[in-house]
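Okay, here's what each chain looks like letter by letter:
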Amino acid sequence: MAGMTVIVRTIARLLFPFTLLFGIYIVLHGHLTPGGGFPGGVIIAASVVMLLLAYGIKRAETKVSFLQAEVLESIGGLAIVVLGLLGLLLGVAFLQNEFPLGGLGQLFSAGNLPLLYLGVGIKVAAGIILIFYAMLFAFRGEEK
Amino acid sequence: MDLNYVIAMLLFVLGLYCLLLKRNLIKLIIGLTVLTDGIHLFLISLGYRSGGTAAIVSGEMFSDLPGFAARAVDPIPQALVLTSIVINICILALALSLAVYAYRHYGTLDPSKLRRLKE
Amino acid sequence: MIPHAPILAILLPLFAAFLTPVVGILSRRRDIKRAREWFAIAAVLVELLVVASMLPTVWGGQVLVYKLGGWQPPWGINLAIDGLNLLVALIVAGIGALVMIYSFVYMERDTGLDQYYTLYLLILAGMMGVALTGDIFNLYVFFEIMCISSYALVAFRRKWQSIEASIKYMIVSSLGTSFILLGIALLYGLAGSLNIADLAQKLGQVSPSAVIVPLALFVTGFGIKIAMVPLHMWMPDAYQAAPSAVAALFSGATATVGIYAMVRVVYILFGAFAIGTMLATLGLLTMVLGALMALAQRDLKRLLAYSGISQIGYILLGIGLGTVLGIQGGLFHLFNNAIYKTMLFMIAGAIVYRVGTSDMDQLGGLWKNMPVTGTLFAVGALAISGVPPFNGFASKWTIYVAGIEAGQPVFTIIALITSALTLAYFLKALNSIFLGQRPKHLSDVKETPLPMLFPIMLLAVLCVVFGVLPQLGIDLVRPAQEAVMNSSGYISEVLRGV
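Sequences listed follow chains W, U and L, in order. Residue numbering for the first sequence follows the working numbering, beginning at 1 and increasing consecutively. Residue numbering for the second sequence follows the working numbering, beginning at 1 and increasing consecutively. Residue numbering for the third sequence follows the working numbering, beginning at 1 and increasing consecutively.
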């Protein structure tokens, strides 16, 4: 799939770091402000997809390949399950909050919530990039 | 607010109409999305408390938690809707992939023509 | 009991599903053959062990309540396992393990097997989640996981027929699950809670006219999933287009989970034993319509799909009668249906694997080539028609007696006639496929490979065992039947200490 005009490519290249940063901000502050893993992951994926649409799939594949997205998605899912299993290892219930709770309104607080959101954010971002790649492969005639 | 519920049910009926009567796969998928959006609007409006504030605790509210809890809107329907939106993204992605595949290989998006073409 | 067994039963397939792509990539890099198949089989066998370890505790009369995150119900999500849950979890784990062993050989000619095993483990995790949870929104989320994986599995072969069947299935089933979501929204507005036990308690104080709409939405939503007439349109196409291993899994496990969800919501959450007569009537309609449509089919998998619809009708009839004997018969028939329906679909898959088609007009005289498969098909056909000494006879007899005992002899007569119809079309199928003249091009068809034959033989042995010793089957489902009729016990166990 070919890229788009010079205007679109320039704007996409300029906006990419800001959108990525915004997405990471929403993921990290999930326990303090509205948002969290799901919308943050979608915004991170949107920034990569924006580059993908502007530059064409060949250049996007050099940045984030299909294999990398698959492995990242699995790692994200495994991170969530492993964090929950930590509660089992410590002898209490699944997903119990045993991390330090910190003060109200601080960034490093609320136990394992920011870590869970990080796992969710990685998984959602990788998943949506994977969905786009899969749909584009159908256009190219390959089957994945 | 009653207007919310009326509009939610209107969206539900519109989505149902699209789902039952349209002849294009993409329109069927859009109808499904509108239907579920109607249900989400209904669910969020259930949690509304008139004159309520957002359910986020900031520093100065920490001293009066019971009063805050009495004034804030219900956060549970918001969590339910968030989960449901993510589930619907998955269904949308799968449906669109199948539609792209059908169009690419068989040239048509009409579900009634998709019946037993190769038979 | 293995500690934390309830949550491990759900987490194990989920964990394995997330690891399968990584295992697949590693096995291609290091060139280890079939690593992911062995990994998946190990996962389902450990899963079966975990579920079986919960048997002694729950059958001793205790309701296992597991609080996620340590939060007390009704504020937190909890898993609540009584006799009914455990029966369904056992069926799902057992059928899942057997079909996985079967697909080791059956799916080896397909490409994209990474995705197949991931989807298989995901659908297993979803079914376990529905079977074990005690929170209605959690049930909806796991139900959706199960449904989405099933849409993808039906379209797996990417042929024309599969895509069309999957699109039709997806649209109808998404409509059904959105009805369930609307029902949950209405219940939350009425009672303010999402925990099944808590809702059951609070709905006792709400006037009956307010719960009619949520009840109707739930029955419709779950009815679409179990292919209750008149919501069954998607099922024959989907079962015919899916790979046979997948169809076996659906008919054995997914339909079971759908019926469990309906029983749990209608009988325990709403306490609505009064609509049992309506369920029994719909079951009767489903039974008769399934059998009549099956008589006219020329394709083996479509015939088996309509026959599956018919068996679901029997189960609904038994459960809808509401008496002790009726519910026992219904649940025993649920168990038996999982056994022989899975077996029959696996045999159909074996025929497709060796011959390449399931169209009965093109088959014939295969008894000489596949004697073992033919015998097993005969066993399955006799079991599903309710002929002694197989298990179908035991459960159908219980339902017949329950019908007469509940004062509805008409139901029993219609059920008897449908059994005769079932025997008729299965004998016709047996004749078309295995007896009669063998066409020239089928003369060198070989017998089914052993790894595929092993699960089928195991299920056939179970058919005979539960037919010769029906008391074993009744004892197996008695904890489940007591759980259905004892909803106040369930509520008090879950909310104890709150």
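Derived by calculation from the structure, the hints in this document are not laboratory data. Mixed in with the good hints there might be a few duds.
Each computed DSSO-like pair below joins lysine-lysine, with the alpha-carbon atoms no more than 30 Å apart [to be verified]:
#1 L:K159 x U:K22
#2 L:K368 x L:K440
#3 U:K22 x L:K33
#4 L:K33 x L:K202
#5 W:K58 x L:K168
#6 L:K368 x L:K446
#7 L:K33 x L:K368
#8 L:K428 x L:K440
#9 L:K446 x L:K428
#10 L:K202 x L:K428
#11 L:K159 x U:K27
#12 L:K159 x L:K202
#13 L:K33 x L:K428
#14 U:K27 x L:K368
Hints and how they fare:
1. L:K159 x U:K22: Measuring from Cα to Cα gives roughly 25 Å; hence the hint holds.
2. L:K368 x L:K440: Distance ~13 Å between K368 of chain L and K440 of chain L Cα, so the pair holds.
3. U:K22 x L:K33: 48 Å, violated
4. L:K33 x L:K202: Given pair K33 of chain L, K202 of chain L is violated - Cα atoms ~56 Å apart, limit 30 Å.
5. W:K58 x L:K168: Violated, at about 34 Å.
6. L:K368 x L:K446: Roughly 10 Å separates the two Cα atoms, so the pair holds.
7. L:K33 x L:K368: 34 Å, violated
8. L:K428 x L:K440: The hint holds at about 21 Å.
9. L:K446 x L:K428: 23 Å, holds
10. L:K202 x L:K428: Violated, at roughly 53 Å.
11. L:K159 x U:K27: 23 Å, holds
12. L:K159 x L:K202: 50 Å, violated
13. L:K33 x L:K428: 42 Å, violated
14. U:K27 x L:K368: Not OK: K27 of chain U and K368 of chain L at ~53 Å, beyond 30 Å, violated.
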